[in-house]
Amino acid sequence: MPAVTLAELSGFLRDKGLSNRVEGDHATSVRAVNTLDDAGPGELTFLTNPKYRDMASKTRASAMIVGPEMAGPGAVPTLVCDDAYAALTLSIVRIHGYRVHPQWGISPKAVVADGAHIGENANIGPGAMIGADAVIGDNATIYPGCYVADRAVLGRDVVLYPNVVIYDGCRLGDRVTIHAGSVIGEDGLGYAPLNGKWAKIPQVGIVEIDNDVEIGAACTIDRATVGVTRIGSGTKFSNLIAIGHGSKIGEDCMFVAQVGLAGSVTVGRHVTIAGQAGVVGHIHIGDNARIGAKAGVTVSVPPGQEVLGAPARPIQETRRVLALMGRLPEMRERLRELEAEVQRLRERLDSGE
Amino acid sequence: MPAVTLAELSGFLRDKGLSNRVEGDHATSVRAVNTLDDAGPGELTFLTNPKYRDMASKTRASAMIVGPEMAGPGAVPTLVCDDAYAALTLSIVRIHGYRVHPQWGISPKAVVADGAHIGENANIGPGAMIGADAVIGDNATIYPGCYVADRAVLGRDVVLYPNVVIYDGCRLGDRVTIHAGSVIGEDGLGYAPLNGKWAKIPQVGIVEIDNDVEIGAACTIDRATVGVTRIGSGTKFSNLIAIGHGSKIGEDCMFVAQVGLAGSVTVGRHVTIAGQAGVVGHIHIGDNARIGAKAGVTVSVPPGQEVLGAPARPIQETRRVLALMGRLPEMRERLRELEAEVQRLRERLDSGE
Amino acid sequence: MPAVTLAELSGFLRDKGLSNRVEGDHATSVRAVNTLDDAGPGELTFLTNPKYRDMASKTRASAMIVGPEMAGPGAVPTLVCDDAYAALTLSIVRIHGYRVHPQWGISPKAVVADGAHIGENANIGPGAMIGADAVIGDNATIYPGCYVADRAVLGRDVVLYPNVVIYDGCRLGDRVTIHAGSVIGEDGLGYAPLNGKWAKIPQVGIVEIDNDVEIGAACTIDRATVGVTRIGSGTKFSNLIAIGHGSKIGEDCMFVAQVGLAGSVTVGRHVTIAGQAGVVGHIHIGDNARIGAKAGVTVSVPPGQEVLGAPARPIQETRRVLALMGRLPEMRERLRELEAEVQRLRERLDSGE
Numbered sequence: 010m011p012a013v014t015l016a017e018l019s020g021f022l023r024d025k026g027l028s029n030r031v032e033g034d035h036a037t038s039v040r041a042v043n044t045l046d047d048a049g050p051g052e053l054t055f056l057t058n059p060k061y062r063d064m065a066s067k068t069r070a071s072a073m074i075v076g077p078e079m080a081g082p083g084a085v086p087t088l089v090c091d092d093a094y095a096a097l098t099l100s101i102v103r104i105h106g107y108r109v110h111p112q113w114g115i116s117p118k119a120v121v122a123d124g125a126h127i128g129e130n131a132n133i134g135p136g137a138m139i140g141a142d143a144v145i146g147d148n149a150t151i152y153p154g155c156y157v158a159d160r161a162v163l164g165r166d167v168v169l170y171p172n173v174v175i176y177d178g179c180r181l182g183d184r185v186t187i188h189a190g191s192v193i194g195e196d197g198l199g200y201a202p203l204n205g206k207w208a209k210i211p212q213v214g215i216v217e218i219d220n221d222v223e224i225g226a227a228c229t230i231d232r233a234t235v236g237v238t239r240i241g242s243g244t245k246f247s248n249l250i251a252i253g254h255g256s257k258i259g260e261d262c263m264f265v266a267q268v269g270l271a272g273s274v275t276v277g278r279h280v281t282i283a284g285q286a287g288v289v290g291h292i293h294i295g296d297n298a299r300i301g302a303k304a305g306v307t308v309s310v311p312p313g314q315e316v317l318g319a320p321a322r323p324i325q326e327t328r329r330v331l332a333l334m335g336r337l338p339e340m341r342e343r344l345r346e347l348e349a350e351v352q353r354l355r356e357r358l359d360s361g362e
Numbered sequence: 010m011p012a013v014t015l016a017e018l019s020g021f022l023r024d025k026g027l028s029n030r031v032e033g034d035h036a037t038s039v040r041a042v043n044t045l046d047d048a049g050p051g052e053l054t055f056l057t058n059p060k061y062r063d064m065a066s067k068t069r070a071s072a073m074i075v076g077p078e079m080a081g082p083g084a085v086p087t088l089v090c091d092d093a094y095a096a097l098t099l100s101i102v103r104i105h106g107y108r109v110h111p112q113w114g115i116s117p118k119a120v121v122a123d124g125a126h127i128g129e130n131a132n133i134g135p136g137a138m139i140g141a142d143a144v145i146g147d148n149a150t151i152y153p154g155c156y157v158a159d160r161a162v163l164g165r166d167v168v169l170y171p172n173v174v175i176y177d178g179c180r181l182g183d184r185v186t187i188h189a190g191s192v193i194g195e196d197g198l199g200y201a202p203l204n205g206k207w208a209k210i211p212q213v214g215i216v217e218i219d220n221d222v223e224i225g226a227a228c229t230i231d232r233a234t235v236g237v238t239r240i241g242s243g244t245k246f247s248n249l250i251a252i253g254h255g256s257k258i259g260e261d262c263m264f265v266a267q268v269g270l271a272g273s274v275t276v277g278r279h280v281t282i283a284g285q286a287g288v289v290g291h292i293h294i295g296d297n298a299r300i301g302a303k304a305g306v307t308v309s310v311p312p313g314q315e316v317l318g319a320p321a322r323p324i325q326e327t328r329r330v331l332a333l334m335g336r337l338p339e340m341r342e343r344l345r346e347l348e349a350e351v352q353r354l355r356e357r358l359d360s361g362e
Numbered sequence: 010m011p012a013v014t015l016a017e018l019s020g021f022l023r024d025k026g027l028s029n030r031v032e033g034d035h036a037t038s039v040r041a042v043n044t045l046d047d048a049g050p051g052e053l054t055f056l057t058n059p060k061y062r063d064m065a066s067k068t069r070a071s072a073m074i075v076g077p078e079m080a081g082p083g084a085v086p087t088l089v090c091d092d093a094y095a096a097l098t099l100s101i102v103r104i105h106g107y108r109v110h111p112q113w114g115i116s117p118k119a120v121v122a123d124g125a126h127i128g129e130n131a132n133i134g135p136g137a138m139i140g141a142d143a144v145i146g147d148n149a150t151i152y153p154g155c156y157v158a159d160r161a162v163l164g165r166d167v168v169l170y171p172n173v174v175i176y177d178g179c180r181l182g183d184r185v186t187i188h189a190g191s192v193i194g195e196d197g198l199g200y201a202p203l204n205g206k207w208a209k210i211p212q213v214g215i216v217e218i219d220n221d222v223e224i225g226a227a228c229t230i231d232r233a234t235v236g237v238t239r240i241g242s243g244t245k246f247s248n249l250i251a252i253g254h255g256s257k258i259g260e261d262c263m264f265v266a267q268v269g270l271a272g273s274v275t276v277g278r279h280v281t282i283a284g285q286a287g288v289v290g291h292i293h294i295g296d297n298a299r300i301g302a303k304a305g306v307t308v309s310v311p312p313g314q315e316v317l318g319a320p321a322r323p324i325q326e327t328r329r330v331l332a333l334m335g336r337l338p339e340m341r342e343r344l345r346e347l348e349a350e351v352q353r354l355r356e357r358l359d360s361g362e
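Taken in order, these protein sequences are the chains called A, B and C.
Start counting the first sequence at 10; every next residue gets the next number (this note's numbering).
Start counting the second sequence at 10; every next residue gets the next number (this note's numbering).
Start counting the third sequence at 10; every next residue gets the next number (this note's numbering).
In case anyone wonders, no lab produced these hints; they're calculated from the structure.
Among the hints, erroneous ones may be present.
In this list, chains with the same sequence are indistinguishable; a pair is considered to hold if it fits within one copy or across any two.
Claimed, not checked - EDC-like mimics (lysine to aspartate or glutamate), calculated; alpha carbons at most 16 Å apart, straight line: (1) Lys206 to Asp296; (2) Lys60 to Glu78; (3) Lys206 to Asp219; (4) Lys60 to Asp46.
Whenever a hint applies, use it, and build me the whole structure from the sequences.
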């Protein structure tokens, strides 16, 4: 990585619309961004979480990004930024940039079936397999070990990391990124009971993933039984997430690791679902709702509501109940004392005292 | 897809033993099945969940399947069936059929080790790898990127979707289907504590999967430490399910996504385990038991019992406790009022009133 | 497997420091270890869990290992060992040994990019891909379908089972074993909010896995945004575990299946986390702490503490609260009776009785 001075970085951030100032030596140069704990000489660190303030004075970094509320006589030259988190993001972009993929062209060791259409400048790694009548968009990168089944359609600039599997007929928009090992379009759990056995219902729908979605590693998104399972544009998934058949997720949502949605769930726009939460089938999660970690959502959630717990309730209710649960031992003690006192009162009355 | 008329479909269903009648134009033809929301002209939709009744009047589909209880003056020609869900399943089979796999024969780009036996008409994709002394049954389909390790034995008509891994010596019956990325027979978490370190116990057992099992995507089924981890015939798994070493699951069970079983669990026949539920080791789940979503099962469950909660209890008990938890704020208020009232009574008694 | 007599096995265990004695015919020979339920003639079984004592009398095995507390007039010749679990482990090692990997050398069907360095006696399967400037240690085994990205560094005797993906620049120590389908170093969920959209923060850190770590199947370990996500030496993971970006896990921990850690968590040494537990970001789990199954850990856990529940609390507290929850119906009934009794007392007082 080439070095950049704080003066240059300050100017870069200002050009991007982030007001900032340098405190200390403007000529300080940095070659990498690193955490407070791990950064060393030649590196730029950051203090965006007040929890780590104590560590800031001990950093071995050469420079630091901080927000105005955390500015002070810094141990090292400092970039003070109104929006320190955005400044950090852009500094990483400026200093490190995004991943550059290996360039395979269309590897002679890739397998491209008859009738597949490969876009311009597509980059298909060795061992990747593109099925019959599949379409790969311009500038797409398909890493080794991926399987794009028959009739699947991938947009421009799609990136499939190694060993991603796209089942037949599924459709990905432009700039969709899918991390290693994820599976898109497998059959859902669709069986009809038949004399005590499970008869398979053909799963003939597809998965559609809209533009600018990023999916983590080892996720599984069921194809619809009929129709479409959809992930709306701009939505981001972490890892090991399961989406049931026919669910439809809106735009710009964020799902944390190990979330599970049953089938036929509809999710609005900009919904956040925290880690290990689950949602039962056939309900609706409104726009901007927030589902807490490990929540078990059993009824529809109105727009903007934050829920927590299993079964999930509005967060204030759940917190109140959780607090009272912690006070159950005390409540039981008070109950005991009351019983004793009432007993004493009754005896006094009985004795005509 | 070739079109089929309602008259033809009605006859097909009757031949399969499903009584039904057509209301409206028998000559209406449909080419695909789709959901109430998404179906358009030329498509057949269905109303099997009363929750969606309102949407039925607005459908753009050309025809609809309904149960007798939901029949009425339909907006579109209608197939009224006593068992609408079965009729829907069979209509999807009739109109769409099951997935047809690409035909690779034994791809010259597959790798078949010495001593492996490949059955007749087996279909081994490019990049699939079959280990030494492994057996692949007749008509099996092994998609690209699968790894079938040494001495594994797969029955007739097995389907392994891309990137499935079968560890050494594991055995799959006939018609077993495993979706992409699942792993069968990895070592379980078997270590003996030794001076504060973990000493690995060789995991020398296997996994046996009986006939007609279907496993979803990205599941992991540990081989037994010694002996066998078994999945009984007809059992169906969704995605991201973890089965610990030595567990034995009966026939015709259904496990929803993200279920986890620890080791040495025994599960009876026709057990349902809902999403994200977990079961501790060394217990037994009886035949026909039903484990609710997110349940944490810590003790054996008798046959036929339905449990919920963490720790899991019979569902009525858990529901009662959950309801009372919601009333904790009220209970505490009543406790407070009682204390005040008892205080007043005592004061009246004390004052000799 | 060649047969071994009880006399030989007894000597072998004694040589390893395990005191033991043979009861019954010392010449009894066994060729395999198996469970009480499944063992047959020629096999050695074991009774280490008192729960299964009844089954011991019915075993069809030829011999048995038991602890001194469970010794008795055995149905079959018996090895009585002070540490029966250690004896079982070593007997499996003696009789079965560890897995022997197929030997591919550097398969001509593997793809090794320019500048990659492959150590002596490394074993690279067909279809494995080693990226530019990657380093593979001596005696490492890379199964088919693995992808080791550019600049990744793997130590001596590393084993990657099929379809493991190591992202660019990640580092594995010596004797690290990773089971099939796991992904090391994918991008974490790092986005900055920007006008209602999520702007990707380049994830430029790496994952470092220290010596002697074993990772199960289908796990996902995020690379750090900047800096390092670390798994300490000797730590063992089961399957389907998600580790968030920048988390640092100490030595000799054990994580059971489906555990999830958010980002920037620090975990001490010898910590146990049971199945399906989750830990929120930016907290610390102290040395030797124990996290119960399905726990939701929301605050730091002191060294040595055992926690349970969601939110997780010290196990005694959680157990007390859980017990009281089960008594909520009773508590409500007592509340009702108290209210009635106080009402009666007030009426007696009011009536001047």
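A quick look at each hint next to the structure:
1. Lys206 to Asp296: For Lys206 and Asp296, only the inter-copy Cα distance (14 Å) is at most 16 Å; the intra-copy one is 40 Å.
2. Lys60 to Glu78: This pair counts as within: shortest intra-copy Cα distance 13 Å, inter-copy 52 Å.
3. Lys206 to Asp219: between (37 Å within a copy, 14 Å between copies)
4. Lys60 to Asp46: Within. Shortest intra-copy distance 13 Å satisfies the 16 Å Cα cut-off; inter-copy 49 Å does not.
Consistency note: the structure conflicts with none of the earlier hints.
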